[in-house]
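Those protein sequence lines, which keep their order, are chains A and B. Note that my numbering has the first sequence beginning at 402, numbered continuously upward. Note that my numbering has the second sequence beginning at 8, numbered continuously upward.
Everything labelled a hint here was simulated from the structure, so no lab data went into it. Treat each hint with caution, since some may be false.
[Claimed, not checked] Some, not all, of what chain B presents toward chain A, calculated at C-beta under 10 Å:
1) L109
2) K198
3) V335
Please read these numbers as outputs of a predicted model, since none were measured by experiment. Even for Gly, the Cβ is constructed at its ideal location relative to N, Cα and C.
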Amino acid sequence: MRKHIFIRGIVQGVGFRPFVYRQALRYKVTGFVYNNSEGVICEAQGQNVEQFVKAIKTGKPKVSEITQFTVTDIDDQNETDFKIILSVPSQISNPVIPADIATCNNCKEDIKSYRRKNYSFTNCTNCGPRYTIVEKLPYDRKFTSMHKFNMCKECSAEYNNPENRRFHAEPNACDICGPQPFIETQGKKFEGFFAIKEASRLLANGNILAVKGIGGFHLACDALNLDAVKLLRQRKARPLKPFALMCADIGDAKELCYVTKAEEKALLSPAAPIVMLKKKRDIKGVSDGLNTIGIMLAYSPLHLLLFSEFNNLSGKKFLVMTSGNRADEPICVDNAKALSNLKGIADYFLLHNRDIINRCDDSVICFEEEQPVFIRRSRGYVPNPVKVDENGDAVFAVGADMKNVFCLAKGGNAVLSPYIGDMDERLTQNYFMESLNNFKRFLDVEPKIIACDSHPQYYSSAMAKNLEGRKIYVQHHHAHLASVMAEHNLKEPVLGVTFDGTGYGEDGGVWGGEFFYYNLDNFERMASLKPMLLAGGDNAVKEIFRPALGYYYGADLLNEDVTAKIFGDADKEKFNIVLNMLKAGFNCVKCSSMGRLFDAVSFAGKVLTDAKYDAHAPMLLESLFENPSATPFKFDITAENGFIYADPAPVFKEIAQNNFSPKEVSEKFHTALSDMTCGIINKLSNETGVKTVVFSGGVFNNRALIRLIKNSLKKHKLYFNEKVPCGDGGIALGQVYIALKQLAKDG
Amino acid sequence: MDSINIKDLHVTISHGNGTGKTGELINGLFFKYFANPALNKADDAAEIMCGGQKLAFSTDSYVVNPIFFKGGDIGRLAVCGTVNDLAVQGAAPKFLSAAVILEEGFEIKLLEQIVESMAQACEEAGVSIVTGDTKVVEKGKCDALYINTAGIGVIKEGIKTSSDNAQGGDIVIVSGFLGEHGIAVLNGRHKLGIESDIKSDAAPLNKITLKLLEELGPDIHVMRDLTRGGLTAALNDIAKDSGVIIEMEEKNIPVSKEVKSVSGILGLNFLNIANEGKIVCLVPEAKAAKALEIIKGLPYGENAAVCGRAHKDAKPQVLLTTALGAKVVMRNSSSQELPRIC
């Protein structure tokens, strides 16, 4: 009996047809396979056709993902062989481009010998750049930045041979015909592997290099050369924010850090993200004060060769690989811009001549046991869709203003953009519009429904306002919760906990320590942190003594002793002015943000005085946490007209009255926060009968908190973000989901 | 213009604070009923023809709280404000009116201080108050006193300095340190306890504007005073009305160390804070050095600086290159600054 097989999912550009072809030869079936706009279509007949079908279903290529696999019986045909039918352009409008894939093991071998020895752009159908080189669809070499490289005879033969690993590997290339790295030093130009050797030498000598990679430039230096690391920090105006490291293989990562199974799997995955790992030992200057370090494994042949040479020369294994940008700008992608923008930062530039069409920052992820926690979802994951169960009109969600990621949704696929950045920056806004236009083209949609945050001063919302179409305004924390509902396809009523830094609340205040009842129709705020006054707009987020002062002033705890003890080191004039602002209510806003509570506790507990980067204080506080059975601080739980307030005033009182070490403060605070959260959840569960709880908001990057909550809410079903960031990088998915629900409701 | 609807049923404070709501009220109500060519331009001062002579005519009411603040008082403000509105329109201010609304019980001694201060400012500006009005209302019906002034001045032939006159390639000059008036008043009003000596910059600027026009004539493309909304509001108006992008260099914008530090503490952007003795002017690059020299040579212009450039663009915008090299959009203030950062 002949079989018609239809396969939907991530099945194009990932070597699926050659794989099917090889199975056909193996099981001696006849028929054909081809791509169309929906996925892969295959027909086959022969004695072993059942085994053939099974082999396809179970042995699929590593990076493919099957969402639908349908087999139907059809009539036998008269034929003698099995063919790959090449796609006719008009038939292909593959709605999804594959994400970039880290170098596979076969290609890692290939760069050690034979014709691809030491070749920086080696790839095959199982690996290599994808999204970052695509100009337009269909995904075909002539529509990628590889179009300017004509394949040599041998590459061409591989490309056209269905039995070869490089059959229709669109970026296929070799040393003879493909792209090349190059570097100029003192008027001398080195090309190809000589450029890699020269770059390695410069790195080993302590220089800072701009290195063009897959999704953009990195700034690289020898991680163990403290002078080089310090110089990079100074030139990048980035005094303390942790740097990510790159190393060649998992063994090197394990020398430096503890690596769990889940973390190992992620490090070795095709996406090759930066994984936050627990330090075994410290490298000074890289992530000072934290117990973790972000590591990624070399994910392109260029990086692998660079490491091999660098290691040969210096015996060292780690390079700092931080994003190649100036201040808050998007990372550089083209040679000319990098040469001008990074001029004052990098000593030398390791460039190459394959254009990066779509910028894509490295992804960052961490794990709480098996649970993935995305900090940034970008290279390797974009543009893989997140499935949502709503099929309505195409929707564009602009996301939030900080760490912006937008989302386009169509036909049950929500496609999130790469990491865009902070929207007050002009180049970032341009990058946003440019990416939006690319995505609309890639997905062939022109959405008329636009979802955005209800914050009146968001640049992203102002941009949404200027776009044509119906606008749907979504409250920030509503979007956070909906992102979890969308990921886990939850339909039942839930209790929602959103802890984050700043979200514009329905009452005009700043929210961020919130409890909701949520059933997709009804979104009701049930409890929150007791609001305090936050003085000084955005500066109240940058300067952590302000929320601390807000709490001490609000709780009426500011006697002379407390002022001396907690605020003794603060600038006197600044302290007085901010206190007067609080008294006058001048430029103050009511704030129930959990992020600010972490800041305030860190300041009061002498964990940190000056925050130097986003989430600096909460990250230090989490790093200090070890003992889950510490005696917790207390929150005052009060109710006003059925609304529950959690007031942290006793926390600040205890800190002022005692001399706790920073570690004690961290442990007493984390346990108290977990107790408070679980206490309120239990209370709300009793009132509503709801036992499902969803958690979102940037504070849930805090793994200590996740662990404590999971351990004490054993009778509830708990859901966290696992596919998109719980921070503002996941907001767009929630906005999409709410818009789709709204449309469904409107009919 | 009359398509703008006023959504509110009652007047709110934000209808008077210079933000979008104010525009809603002005466009939706006053312009709708009063519409005429001179008004519709909505410049700082109206340009009118009178007996073959082009005149600038402007009015403003002063309700500042507190009425005395470091560096000035409501009287000095009432004279300088109207003088400057005329001056940036390219006019030579000549005559002012003054109307005073007094609260029953207000101290005559204080009133005298204010009137004296008005007279001094008039003398400095070379203008005369030639007509006036006095009203007293019952205690509690107004806060101490309010002053309205109006003024007229003569505009020479060929002079045009309105916000729609910026040209591609123009250089932006700011006449001195920004933010002082706003901070001095806020400090007095909210008792913020700012120790550094930040004084209101309230001053008549007609000597500067007239000298510029005398020397450079029509090469002075735009002049605006930097009152409510500060430099940002003025530049955004210019960008929008002239169809230009204005790119500012943060490191070159004149501001005192004190204002920079205090505005940071208050969480305010000094670029958006009101001034009462500062102007911005746009001139062709070839004349920028001369214009700067003129301003710097006159009282109230010592700290002037070249700090930006305009170029034609279909998408008018005001951009600021920060000290770190990032380009950010200079946005008008809203009624309240809310944190966006998470």
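How the hints compare with the structure:
The interface hint given for L109/B is violated, since its Cβ lies 27 Å from the closest Cβ of chain A, which is over the 10 Å cut-off. A hinted interface residue such as K198/B counts as satisfied when its beta carbon comes closer than 10 Å to some beta carbon of chain A; here the least separation is about 6 Å, so the hint holds. Using the Cβ-Cβ criterion of 10 Å, the hint placing V335/B at the interface with chain A is satisfied: the shortest such distance is roughly 5 Å.
Of the hints listed earlier, the one the structure fails to meet is number 1.
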